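Produce the complete structure using the sequences and hints provided.
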Amino acid sequence: MVIVFGQFLWWTEIAAEAFILVRSINAKLYRRYLAFYIYLTVVLLIDLLRFSVLSLHAGAYAPFYWYTEFLHAGFGYAVILEIYKHALNNSQGVARIARAFLWGVLGAIILKVSWNAVSGPVWSPGTTSAELERDLRTVQALLLAAVIALLAYYVVPAGRNLIGIIFGYSAYIYASVVSLAFGSLPGYGLRPGWRLVQPIAYLAALLIWGSTLWSYSPNSAAETESKIDHDYKLIAERTRRAISKARSFLKMGGEL
Amino acid sequence: MSQLLPYLGVALLLLVVSVLWARQLFLARKNRIELIVPRKHQATGGSVASHGDLGERIFDLEDWYFISGNEPSEIQKLFLRERSILAISWLRRTRRRVSLVMRAHVVAVQQIEDLQLAQELKLALSYLVFLILCDFLIGWIWLRGPVRTRKIVGQTLRTVAWLRGAFEQLMARVDPANCNALRTNFNHRGVRS
Numbered sequence: 001m002v003i004v005f006g007q008f009l010w011w012t013e014i015a016a017e018a019f020i021l022v023r024s025i026n027a028k029l030y031r032r033y034l035a036f037y038i039y040l041t042v043v044l045l046i047d048l049l050r051f052s053v054l055s056l057h058a059g060a061y062a063p064f065y066w067y068t069e070f071l072h073a074g075f076g077y078a079v080i081l082e083i084y085k086h087a088l089n090n091s092q093g094v095a096r097i098a099r100a101f102l103w104g105v106l107g108a109i110i111l112k113v114s115w116n117a118v119s120g121p122v123w124s125p126g127t128t129s130a131e132l133e134r135d136l137r138t139v140q141a142l143l144l145a146a147v148i149a150l151l152a153y154y155v156v157p158a159g160r161n162l163i164g165i166i167f168g169y170s171a172y173i174y175a176s177v178v179s180l181a182f183g184s185l186p187g188y189g190l191r192p193g194w195r196l197v198q199p200i201a202y203l204a205a206l207l208i209w210g211s212t213l214w215s216y217s218p219n220s221a222a223e224t225e226s227k228i229d230h231d232y233k234l235i236a237e238r239t240r241r242a243i244s245k246a247r248s249f250l251k252m253g254g255e256l
Numbered sequence: 001m002s003q004l005l006p007y008l009g010v011a012l013l014l015l016v017v018s019v020l021w022a023r024q025l026f027l028a029r030k031n032r033i034e035l036i037v038p039r040k041h042q043a044t045g046g047s048v049a050s051h052g053d054l055g056e057r058i059f060d061l062e063d064w065y066f067i068s069g070n071e072p073s074e075i076q077k078l079f080l081r082e083r084s085i086l087a088i089s090w091l092r093r094t095r096r097r098v099s100l101v102m103r104a105h106v107v108a109v110q111q112i113e114d115l116q117l118a119q120e121l122k123l124a125l126s127y128l129v130f131l132i133l134c135d136f137l138i139g140w141i142w143l144r145g146p147v148r149t150r151k152i153v154g155q156t157l158r159t160v161a162w163l164r165g166a167f168e169q170l171m172a173r174v175d176p177a178n179c180n181a182l183r184t185n186f187n188h189r190g191v192r193s
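So the sequence lines, in the order shown, correspond to chains Z and D. Read in order, the letters of the first sequence are residues 1 to 256 in our numbering. Read in order, the letters of the second sequence are residues 1 to 193 in our numbering.
Worth flagging that the hints you see were computed from the coordinates, not collected in a lab. No false leads were slipped in.
Part of the chain D face toward chain Z, derived, beta carbon under 10 angstroms:
# : residue
1 : Pro6
2 : Tyr7
3 : Val10
4 : Leu14
5 : Val16
6 : Val17
7 : Trp21
8 : Val106
9 : Ala124
Please read these numbers as outputs of a predicted model, since none were measured by experiment. We put the CB at the ideal spot given by N, CA and C, even for glycine.
See below:
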């Protein structure tokens, strides 16, 4: 039953990914959120490759899964980069510091896991990839929390597309961190229910992306400015009317 | 099980900030937040500086010495009760105004390219300390009265002055022309009060 449900999730995810990608081309969103759609394309290709390997060489599936899972987690940084780029588009100083921080953290994590793998007594691709994925997802969760905190603190206006990307990816990352953390425990990892947490969260993310990335919705970056501008125009218009009234009154009084 | 705590902590952090941001987005849609601070500044009249002077006057012991030396105990009680109400009201107003200044600041710094994170963190921490201090003071005045709270008020006034200074510095980098106008405004009000 669980296997059938897992297969159903897999096929639904592939269909949803393909649908979002086709829609992005139709709605001309692909270029606007290039890194995000590259991530989605890579995930779709990985899913199709995994399916091929499972059908043709079932024995090679387990190591192939872990290697591609590492790719999946690594390319997830493209989504984080995309979020940082769009969220801090109008704050060049913050964006510059955030980018340096992002690459620094990624480098540090890869170095740490590589060092552990080399210095450890037994090197297993499954365990190392799982650890790497857990660490990468945890760092992504931290970075997402940081960017959301920045958006909330600086009241940065975000469009529907950006909100969708952030909430969808946050839901997936949240579920991944929790499931990978529990999955590393001896009793939990083998339970079939835990293996479904990540696919279900990913499907939820795909549904969020499908609905929020239907059409282009820019970040209303100049909302404050335009509001000030609008208020200024309104006040200027009222003042102009008041002055013109006063002038006409004075003119009439002068004539009288 | 303890090795899970850092991961679960990070997941919880992500969940909390996401919920807070979602709440902010929902409230912003429901009730558009007004960010045009200069207009509010003018509309409310008076600045943080003049508020500082008012605070000093409210917590000044001169009136209390006069009342406690010459008037009966009922008048003294009445004085303390009314002064407490005044002090709490002043603190709430000061808190609201500093929040407006902070809101103006976070909107203004979005335009800065060479944003200094250390300065930003210092400002955010000072603001947090100020909010905690204000709430603590309100509780303290409510419990003990304004006369015994005078020393702590001095600290609050210094924090307000620091926040104002930091805000002026940042505004000078964002918009020097408006900053000069703002400073002149502060000074004029200070002289008048």
